[in-house]
Amino acid sequence: MSLIEIRNVTKRFGSFVAVDDVSLKIEAGEFFTLLGPSGCGKTTLLRMIAGFDAPDAGQILLDNEDIISVPPEKRPFHTVFQSYALFPHMTVAGNIGFPLKMAGKSPEKIEQRVTRTLAEVELTQFSDRYPHELSGGQKQRVAFARGLINEPRLLLLDEPLGALDEKLRESMQRELINLQADAGVTFIYVTHAQNEALALSHRIAVMNRGRIEQVDTSATIYNFPVNRFVADFIGKINLLGAQVIAVSTQHLTLNVSHLGEIRIPSKASVNVNDKGVMAIRPEQVNITALDPHTPNDGKRVGRIRDFLYIGDVTTYIIELADQIHIEALLANSVPGQAQLFEIGDPVAINWQENAAHFFPD
Amino acid sequence: MQLSNRLIKWLISGPPLVFLLIFFVAPSLIMIVTSFRLPGEFGGLAPLTIFSEHTSIDSGLTLETYQFFLSDWIYLEIFLKSFFIATLTTIICIAMAYPLALLIANSPRKFRNLMIMLVVLPFASNFLIRVYAWMIILGPESTLSHVINHILGVLGLEPVTLLFSPFAVLIGMVYVHLPFMILPLYTNLEKHDPILLDAAQDLGANRWQQFWCVTWPLSLPGIFSGSALVFIPVLGMFAIPDILGGTGDIMIGNLIKDQFLGTRDWPFGSTLSIMLTIAVLGATVFFTWLARSVMRSP
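Heads up: the sequence lines are chains L and G, in that order. End of the first sequence = 361 in our numbering, gap-free, step of one. End of the second sequence = 298 in our numbering, gap-free, step of one.
Looking at chain L on its own, in the form it has when it is part of the complex:
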């Protein structure tokens, strides 16, 4: 039995369908992420789980019981808001103890639990500070501690790392993973940052225009996106116009513009003459130097047009034909070397057969 089940939930705002017939099952102990561009309905879905908005259709079940009529304060869920929403007139200890106070716990019990929680999130010396006296990372930790202290069945997190700078965000990501593992609480995490989703989640639901495009583990979503939107939204990917010219049980043969015939693993419900795109990740494209004096017998070739050096890796932009480019990502594993190729170098391009995907239009 799933902890939370969302059954055919729809939410409209006027004529705009924010969440469109969404169904999901979230297991106890999971770190589950709703990922999508802004306006895709992920926050609306989160607010319906928290109880702030009621769905227009569908059910939300906790332990197989519909909780739509249960108000937010009665649901055993807590939320960490993007802006933290710490109470400005309460100290750190007051903020963290708030859920226990609302739950009617005795003052001694509250003090005891708050002291323990403060130690856990390393905020003991800040217990008498007010939120405006804290740094961004400290506020964030107070918000997490406040959300977890009363042991909710589910912690909902609405882009909680959005306001932090990059370095801090990375360390908070590690802290979050540990926090979730230690507390054993189910997390539903909303974000538009795909790298954050990949790094944190057990499973990800990719949302677009109110619908769920794909639900799976990080690696499966990254390596086997089910459609063009998911492929394009998660990570970087090269998309080249293509048409199916042959279908067999094992392979599809594509005619890719400026690259010619390419074989990729077969895919269900694709027919000959279907048009679409061939997709391949930049880091899965191999490039090798091409000797201009030897004949390039059937190799796929291009010319280095530009490169982008960002330290650990360099992205090469290879021109296949006028205005048609493919990107390849190479790690700078040789010390002292910034690039392997110069602009204008002719190169051969290849990849493993199963690295490429075809998405029909």
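For the record, the hints were derived by calculation from the structure and aren't laboratory data. A portion of the hints provided could be inaccurate.
What the hints assert, rightly or not - Calculated Cβ distances over 10 Å to all of chain L for the following chain G residues:
#, residue
1, Leu20
2, Gly40
3, Phe69
4, Asp72
5, Phe84
6, Ala105
7, Lys110
8, Leu118
9, Ala124
10, Ile151
11, Leu157
12, Thr161
13, Pro166
14, Leu170
15, Ala228
16, Phe238
Stated by the list, open to error - Using 30 Å as the maximum straight-line C-alpha spacing, the simulated DSBU-like pairs for lysine-lysine come out as follows:
#, chain 1, residue 1, chain 2, residue 2
17, L, Lys74, L, Lys105
18, G, Lys191, L, Lys101
19, L, Lys25, L, Lys74
20, G, Lys191, L, Lys74
21, L, Lys299, L, Lys275
22, L, Lys275, L, Lys236
Where is the CB? At the ideal position from N, CA and C, for every residue including glycine.
Guided by the hints, dock chain G onto chain L, whose structure is given.
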């Protein structure tokens, strides 16, 4: 560069400074000196006299008016009664202004300015006219008086006069000063981040707890500034007790007015004014201290 900056600073702050020196500092000093003098036989101040046997010039300064103020309980009683009325007015204003300010702050943005305009609209007509209007509303031949006395009659109780009573004074005070409570309270409530109420609810607070744990403590600065704006003018008010109150409903303001315009005892009027100023300063210090101690965070 630096010189011209300084010059500009003086040019900007100079005129108001001069204005305050002439029309605030100087009169205050005159009032302080006056309070230590004796009244003249026909009003004003007694002339400075020369005592020939000591061949010394009397400074003309005396503590007599202060002794007089403390010698009779009646003055202290009027002071206490004024404080009581000011406190009661403030409390009633808080109770009446809070729901209204909350309603305006939670209204759609486009209606808020209209509602605020309605709150301040009474200021468009003269203060005295509005108070005189209450004289008619509360008068013995008014519909309100008839209705109330009819109900009292049915209940077998004695009829009451509404006008010229402490009740009428209180109504006038609340009516005139209510906007001064609504405006700062609204300004405060409007700035509250609604996400805080969502957070409180999410963490288990019901509506009542959301109000008492979040909205109320965050609105205290608004309540304190509103209270100062109501309490202080009410304490010194003389027009409303004059018009709506009976002979027994005299407040400090009336007492001071009578000293200058009636009995023409300038020194005693000055003494009373100084006492009132001290009381107002005390109230201001109290409100500021209260605001600071309750709200350590902004």
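So, going through the hints one by one against the coordinates:
no. : hint                : in the structure
1   : Leu20               : 35 Å, holds
2   : Gly40               : 57 Å, holds
3   : Phe69               : 43 Å, holds
4   : Asp72               : 47 Å, holds
5   : Phe84               : 31 Å, holds
6   : Ala105              : 17 Å, holds
7   : Lys110              : 18 Å, holds
8   : Leu118              : 30 Å, holds
9   : Ala124              : 37 Å, holds
10  : Ile151              : 42 Å, holds
11  : Leu157              : 46 Å, holds
12  : Thr161              : 47 Å, holds
13  : Pro166              : 37 Å, holds
14  : Leu170              : 33 Å, holds
15  : Ala228              : 20 Å, holds
16  : Phe238              : 39 Å, holds
17  : L/Lys74 - L/Lys105  : 16 Å, holds
18  : G/Lys191 - L/Lys101 : 26 Å, holds
19  : L/Lys25 - L/Lys74   : 21 Å, holds
20  : G/Lys191 - L/Lys74  : 28 Å, holds
21  : L/Lys299 - L/Lys275 : 24 Å, holds
22  : L/Lys275 - L/Lys236 : 22 Å, holds
Consistency with the previously given hints is maintained throughout, with no hint failing.
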